[in-house]
Amino acid sequence: MIKYILRRILMMIPVMLGVTIIVFTMMYITPGDPAEIILEDGATPEAVAELREEMGLDDPYLVRYFRFVSDLLHGDLGTCYAIGQPVFDRLVQTFPNTMKLAALAVLVSTTLGLLMGIISAAKQYSVFDNVAMALAMMGNAMPNFWQGLLLMLLFSLWLGWLPASGFSSFKHMILPAVTMGTSSAAIIARMTRSSMLEVIRADYISTARAKGQVEYRVILRHALKNALIPVVTIIGIQFGRQLGGAVLTESIFAIPGVGKMMVDAIKARNFPVVQGGVLMIALSLSIVNLLVDILYAYIDPRIKSQYK
Amino acid sequence: MKRKKMSLVSLLLVIALLLGGCGGTGGETGSGGESEPVRDTLIVGMDREPAGLDPTSTHVTTAVMIFNNIYDTLLSFDNEMKIQPRLAISYEQLDDVTYKFHLRKGVKFHNGEELKSSDVLFSFKRLYDIPAAKGQVSMIDPNGFECPDDYTFVLKTTEPWSALPAQICSSYLNIVSEKAVTEAGEDFNRNPVGTGPFQFVSWTAGDSIVVERFEDYWDEKALLKTINFRIITEATSRVIDLESGGIDIALAVGVTDIERLRENAATDLIQFNHTGIRYGAFNCSKEVFADKRVRQALNYATNVEIIRDVLYDKGIGAMPATTSVIPILSGRNTDLVQYDYDPEKAKALLAEAGYPDGFSVEYNFLSNTKNTRLGEMLQAQWAEVGVELVMAPLESATLTATLNAGEHDFCTANSTYALGDTIEGLYSFYHSSMHGTSRCRAYLSNPEIDALLDEARVEKNEDKREQLAYEIQALVHEEAPWIYIAYEYYNVGLLADVQGFKPAPNSAHDFSCVYIAEK
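Residue numbers (the working numbering), protein chains in the order written: chain A, 1 to 308; chain B, 309 to 827.
Honestly, the hints are just simulated from the structure, not real lab data. Heads up, the beta-carbon is just placed ideally off N, CA and C, and yes, glycines get one too. Keep in mind that the hints are not guaranteed to be accurate.
[As the list claims (entries may be wrong)] 25 angstroms max Cα-Cα, derived DMTMM-like pairs, lysine to aspartate or glutamate: (1) B:433 - A:53; (2) B:594 - A:33; (3) B:433 - A:46; (4) A:171 - B:348; (5) B:678 - A:264.
[What the hints assert, rightly or not] Pulled from the structure, derived: some chain A residues nowhere near chain B, Cβ distances all over 10 angstroms: (6) 62; (7) 201; (8) 305.
[What the hints assert, rightly or not] In silico contact screen, one side only, chain A against chain B (beta carbon under 7 angstroms); selected entries: (9) 149; (10) 163; (11) 256.
One chain only, chain A, in its complex shape (with noise of 0.2 angstroms):
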């Protein structure tokens, strides 16, 4: 299991460095020049000339390229276009804001979901089971930018509980929290659903019912164990949208971080920040992938004996 882990971290170090020649290639490629954005109105050609001189922009392809890998292999991100910040700075103050978020994302979307998905497979066909799913495809169909606003309106405009935007106290998370966890709530709510049918029907459930256990302990027990697989899956690939999808909902209710800065920087042109902001959000995704793969190990001890 180490060796395995091991091997997976290592394989990182190829897969990061496909990612830099990705989004490298990407914004070099991208029309738009990052001289005349920062110079803004009034700018004449001269001076747009001298300052992509000065940062280094009229060098060919393949010396930016080296350059950009060969800081990163001494741990320089590069410095922000914008405001003259390290990279690494701006994503110190930035990831742990989006981190946050997606982790209670991912907390409201799996508590609902699964609690969603396991009532709704274990009566199948009732009242709950029709309004849970309809309201889950409600969920997965509202765009996350009107959600957050109707939830604004009521929760901090009509019921004043709530404040509307900022990301400085418990209280400022909750409505995006919610807003980012119901849509994924929905998916997930969907998967359990379907995955724990799938397992009710085995003999296995049979006779655990047949050997007289309580319902809810075939439910818990026997059932959901076992429907987890898939359901843990699409939690990790939930997981990993929130961390790099969290734009339209950090704009939204103004919140500081990556999704945010990286739309900022793209438009903006701003080299080092989106590098450096996608190479974060690919490295994490990787992270919560093995922890993912880490995990099947524990739900299915017959998985663990095939990493080796």
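Chain A is fixed; fit chain B onto it per the hints.
Frame of chain A, contents of chain B only:
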């Protein structure tokens, strides 16, 4: 059953405690009440984060606003865009190119240093080394500075240039402390030191910038103790935050929220003209738009009134534009005969210009709802006269590159009069030497207009300048390089107890007089 009920009650209690016990929303934002002290912290929701707090780093509106409260310029515009003394108590023009400024004595920087003419000299000279800012001093001679004593500063322009006093008001020319800049180096961008009514406290990237009252300010001390400029980029979120009391002022309120804020007793809305005009620009260097009859025809083919009604919620968000000069500036020509909507006249002019069957052109625009709607309306209106408008939305960086390269056929823009000067604005829009720069979108080349602009640029007599501006506008109007769409209002939403906020057309809002009234 009893246990289940108890668990439910416990859960609700925990939630209630969490909601009730977690921190406030920042600042002293209480809900009011007789015994509560009046708040002295103001929270301002702004739409954009400045790229830096060094005045040479940017001139986006939110940055200009913060600079105006941290720094001072030698001269500055008042709210009627008239030039007033600030750090300079007076100035005199010694000859065609030489200006002498007499500095205020006893002015302190936030680091305790006293303002000297050497700081002014340093603030000007450093601009020549910063590519992003050197354009701002291109008309000022780098070898023409003198500091005869600690409170006198002399500069020379490279040639006679009547807009120099307006240039001195530019946010780029805010005066910085030489000592602070030298000590901080690049870090000055995040740790600014000026002489303004507020001093910098902190900047959390992507979240907020906090400033507090400077107790040794040379003029009347600010009424507020602290201002928290929060970055809330979504317009709707900003307004909801204002209405729910999370912030005190919401900048850049969207058109659709104007009426709601006006009707709400707890909020006020201030609407004012800022230094911008929205227009459509034909690229005159393209063959199809080289003939002014084609440009005039498309002006006639455009029903601007309908466009304004749709874009600005029945016109409440903007006023009709009739010339390129904005209402708050002098020398505005209000006698121009407008190209009123007349498709038949448009067709006749197109036929006369050799396009009886019309043509096809591309419309490059920043991809957003407003521009898309505008494009769709133009598409429908121009189709009536046989002109096909192909929508080509771009994101901002690509759009800037396309327009600066002059590759577009037609575009729309919202341009500002950065110097707050009529002639300088017209020069940047229409002078042929400005092709390829970011305010010149029409690529007009008219020697007569060029000559008049050159003449106006050196003219010292204000009346004569206004007369020249008047003539230039008439010529430009005849050339029809633009379709004037609107002078957009800038909308600011405030909680009703916020008093003393006076909006500045150039976004340099002064917060030193703002206070929160007792309820």
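Hints and how they fare:
Restraint check: the Cα-Cα separation between residue 433 (chain B) and residue 53 (chain A) comes to about 22 angstroms, which is no more than 25 angstroms; the hinted pair holds. Restraint check: the Cα-Cα separation between residue 594 (chain B) and residue 33 (chain A) comes to about 23 angstroms, which is no more than 25 angstroms; the hinted pair holds. Between residue 433 (chain B) and residue 46 (chain A) the alpha-carbon distance is near 19 angstroms, which keeps this suggested pair within the 25 angstroms criterion. Among the hinted pairs, residue 171 (chain A) with residue 348 (chain B) is consistent with the structure: their alpha-carbon atoms are about 24 angstroms apart, no more than 25 angstroms.
Restraint check for residue 678 (chain B) and residue 264 (chain A): the C-alpha separation of about 20 angstroms stays at or below 25 angstroms, so the hint holds. At the 10 angstroms boundary, the C-beta of residue 62 (chain A) stays outside the reach of chain B, the nearest C-beta of that chain being 23 angstroms off. Consistency note on residue 201 (chain A): stated as away from chain B, and its beta-carbon is indeed over 10 angstroms from all of that chain's, at 30 angstroms minimum. Interface exclusion of residue 305 (chain A) from chain B stands, the closest Cβ pair being 40 angstroms apart, more than 10 angstroms.
For the restraint placing residue 149 (chain A) at the interface with chain B, the shortest Cβ-Cβ distance is roughly 6 angstroms, inside the 7 angstroms limit, so the hint holds. For residue 163 (chain A), the interface hint holds, since its Cβ comes within 7 angstroms of a Cβ in chain B; the closest pair sits about 5 angstroms apart. For residue 256 (chain A), the interface hint holds, since its Cβ comes within 7 angstroms of a Cβ in chain B; the closest pair sits about 3 angstroms apart.
Hint check: no violations occur; every hint is consistent with the structure.
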